[in-house]
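Number of protein chains: 2
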Amino acid sequence: MNQVMEQLTDKQRNEVKRQMALYSQGVQDIIPVEDLEAKVAKSILENRPLKIKLGLDPSAPDVHLGHTVVLNKLRQFQENGHIIQLIIGDFTGKIGDPTGKSVARKQLTTEEVEHNAKTYFEQFGKIVDMEKVELHYNSKWLSQLNFEDVINLAGKITVARLLERDDFDERISTGKPISLHEFFYPLMQGYDSVMLECDIELGGTDQHFNILMGRHYQEKFGKEKQVAMLMPLLEGLDGVEKMSKSKKNYIGIDEAPEEMYGKSMSIPDSLMIKYFELVTNFTPEELQRLKSDIASEEMHPRDAKMLLANTIVKMYHGKKAAEAAEKHFITVFQQGTMPEEIPVIKWNGVEEVSIIDLIVELELLTSKSEARRMIANRGVKINGEKVEDTNLVVQINEGLIVQVGKRKFVKIAK
Amino acid sequence: MNQVMEQLTDKQRNEVKRQMALYSQGVQDIIPVEDLEAKVAKSILENRPLKIKLGLDPSAPDVHLGHTVVLNKLRQFQENGHIIQLIIGDFTGKIGDPTGKSVARKQLTTEEVEHNAKTYFEQFGKIVDMEKVELHYNSKWLSQLNFEDVINLAGKITVARLLERDDFDERISTGKPISLHEFFYPLMQGYDSVMLECDIELGGTDQHFNILMGRHYQEKFGKEKQVAMLMPLLEGLDGVEKMSKSKKNYIGIDEAPEEMYGKSMSIPDSLMIKYFELVTNFTPEELQRLKSDIASEEMHPRDAKMLLANTIVKMYHGKKAAEAAEKHFITVFQQGTMPEEIPVIKWNGVEEVSIIDLIVELELLTSKSEARRMIANRGVKINGEKVEDTNLVVQINEGLIVQVGKRKFVKIAK
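As they're listed, the protein sequences go chains A and B. Going by the UniProt record's numbering, the first residue of the first sequence is number 1, and it counts up by one from there. Going by the UniProt record's numbering, the first residue of the second sequence is number 1, and it counts up by one from there.
Only chain A is shown next, with the shape it has when bound in the complex (with noise of 0.2 Å):
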């Protein structure tokens, strides 16, 4: 490494400082992170683009936060030159669970592939170029191995090794079975970057196992090692748990402007910076300038949280609809009225009904038992005033409004 910095220009060094400060930001590890510095380095001496690999399940294709983490990372790279390799994993998807087991993984379609490919495209496309993006279906390669090869494959790495994945770990001291097939995963994935000679693997925490294969099998196949970037996992808007799709404590980035700022201001205080840093275009110095300003208390939390809200609204919303969203969320929530405009649902039912049904029916929210919930949270307005009895009988009236939580208004028309 010292080799190729030695070789550098000054301007050149400062290059690889600058890039290197950069993509540092936010990422939970680099491994190693002398490898990291050595190929940028190589890559401005030679002037040739690293490669950089994002693996995709094509079976969940609906882009939230969470997943913008290591898009944002990715954006960096390419904003500086270097070319992301996407690679769908339809090979396994296409497999499905052999067990029979997995409602989850079931087998899709050639079709349900390249549909779900799409959705995740179009979505991308908010954040990376993806016209300089390199797609790639690891079926292409995978299909083509024979049992010999994956014999061979297999040959490279040991059980004990595969047994040191959590998961894995964790199943066999607690009895649960492993189906052996589950130890292809990490082995194709592995395969995947010695096929594309990727120098660079981006990835959540809980990729770390997968992504080192790729390293382990690069070696064992004579190609040059990538380097392992770890983004750490965002929590959702409950502050607790890895935000995802089953958890409901998402941010989609199709979401319309007013749902997504409103979410993004009922982010715990705590997390708001970790959000500014990992879901943000925010450059490294202007992400400073804020701590600093929070810390001296020249801004106030609750703007510095609605900056946040509006940064994330622009990024797929654009200017314009940032700055309704958050005219229409001071107007709610701020000055404690209602908005100026709220959906009229046409109503057909009958002229008394209990408080719980019409919720259900209003489609505000899904379940009776979720009704009752929020009736004894205190959540529920009718014409601006809190429901206190779940027993409550309503009577229809054209222009009532029912309110459910912060952010939910219905107009009824009849």
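There's no promise every hint is true.
Heads up, the list lumps identical chains together, so a pair's fine if it works in one copy or across two of them.
What the hints assert, rightly or not - Calculated lysine to any residue pairs in the SDA-like style (CA-CA distance at most 20 Å, straight line): (1) K156 with F183; (2) K156 with K176; (3) K94 with N152; (4) K156 with P177; (5) K223 with T99; (6) K94 with N146; (7) K176 with R165; (8) K94 with L145; (9) K42 with K381; (10) K314 with L56; (11) K346 with K406; (12) K242 with Q207; (13) K156 with Q107; (14) K106 with N152; (15) K368 with E388; (16) K176 with L163; (17) K176 with E164; (18) K140 with N152; (19) K411 with D62; (20) K220 with P177.
Don't read these hints as lab results, they were simulated from the structure. A quick note: this is a predicted structure, and the numbers were derived from the prediction, not measured.
Using the hints, position chain B against chain A.
What follows is chain B alone, placed relative to chain A:
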């Protein structure tokens, strides 16, 4: 099962019993024995032969009596009209060891595999009728599997189940590495049984785990499950270790009649009945008679062992050779004289030589330490006189006779 037996005539039912008694002779374990009875009954009812599988490793084609234990069992099935399926595991042989660590599992060429298979068959032909045997090379189907097929195969077994195999279990607990590809050998063996729809698989008790893989995979692929028939491992001439070429405690079926006879006579008395049971073609009745003759002292154990030696030589070299070998044995060992014909070796060495060097030079033993031990055990004679001193210096004269152990003689010519 009982359903099938109920459909049989009394005569057929007796035939089932006769075959069961025959097949059970000398067997260590039948898993499960009910299935074997059901299969035999069904084969009689439907007049359909059973398929009896034996898998062969193509890398070690020298056949000794240890191998004949399963071959003799196969012959019993063949003589009752069932079909022997010999499977050459050439797929594994052609792959070699992908870790490159095992010299034993070096990659074999197609020519080597074919040559080894031919050597096997020539020797097998002395025990079973090779014209009626089905021959299979498992590369035929295994080389056709692609990655997806392999994943499907792997999806039908758990890691925990594989780790139950004694040698894997031991290596995990002592921290010795298991290369992932090793997990595939039992899978392949199991899949062979799926492809060939085997009814019974034969093997030594050390094949317990692998043969049960056949049952496992046949069930997973919706086939009728095979029966595992495990033969005891035959101890070698030392009476302790499993007979094997590397342990030098074996009787090869290609060995010369006199060597074979002499070696058979050196089997420990305690193993004599086991040898009759496992390596001769004695029927259950003949075996029973022999046992009671020995028990009632009507037959001297020495005569029983001579009968064993005679029987073994007869099986591989015919009646005449067996008689000659017996005569030779009686002349040399029982009457205490030397054989009529002693190999002559031309001596070009020095006039005086230490007894140790002489034994090694003449290739009567392969190392000086063996020579020293043999003298200490009073097993070396010069011109019929026991050598007592390991430092003895021998004057080399024309016609000098050196004897090592009971059966090795050399006459020196100058």
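At most 20 Å between alpha carbons: which applies to K106 and N152, within, between, both or neither? between (28 Å within a copy, 13 Å between copies)
Indicate which option fits the pair K156, P177 if close means a Cα-Cα distance not exceeding 20 Å: within, between, both or neither. between (24 Å within a copy, 11 Å between copies)
Using 20 Å as the alpha-carbon threshold, which applies to K220 and P177: within, between, both, or neither? between (29 Å within a copy, 17 Å between copies)
Identical-chain pair category, K242 with Q207, by Cα at 20 Å: within (14 Å within a copy, 48 Å between copies)
Using 20 Å as the alpha-carbon threshold, which applies to K314 and L56: within, between, both, or neither? neither (26 Å within a copy, 69 Å between copies)
At most 20 Å between alpha carbons: which applies to K368 and E388, within, between, both or neither? within (16 Å within a copy, 102 Å between copies)
Is it within a copy, between copies, both, or neither that the alpha carbon of K176 lies no farther than 20 Å from that of R165? both (14 Å within a copy, 18 Å between copies)
Using 20 Å as the alpha-carbon threshold, which applies to K156 and K176: within, between, both, or neither? Cα proximity of K156 and K176: across copies only (15 Å, versus 26 Å in one copy).
With 20 Å as the alpha-carbon cut-off, assign the pair K94 and N152 to within, between, both or neither. For K94 and N152, only the inter-copy Cα distance (12 Å) is at most 20 Å; the intra-copy one is 23 Å.
Status of Q107 relative to K156 across identical chains (alpha carbons, at most 20 Å): between (28 Å within a copy, 16 Å between copies)
Alpha-carbon proximity between K223 and T99, which holds within one copy, between copies, both or neither at 20 Å: between (34 Å within a copy, 17 Å between copies)
Within, between, both or neither: K94, N146 at alpha-carbon 20 Å: Result: close both inside a copy and across copies, 17 Å intra and 14 Å inter.
Consistency note: the structure conflicts with the earlier hints numbered 9, 10, 11, 19.
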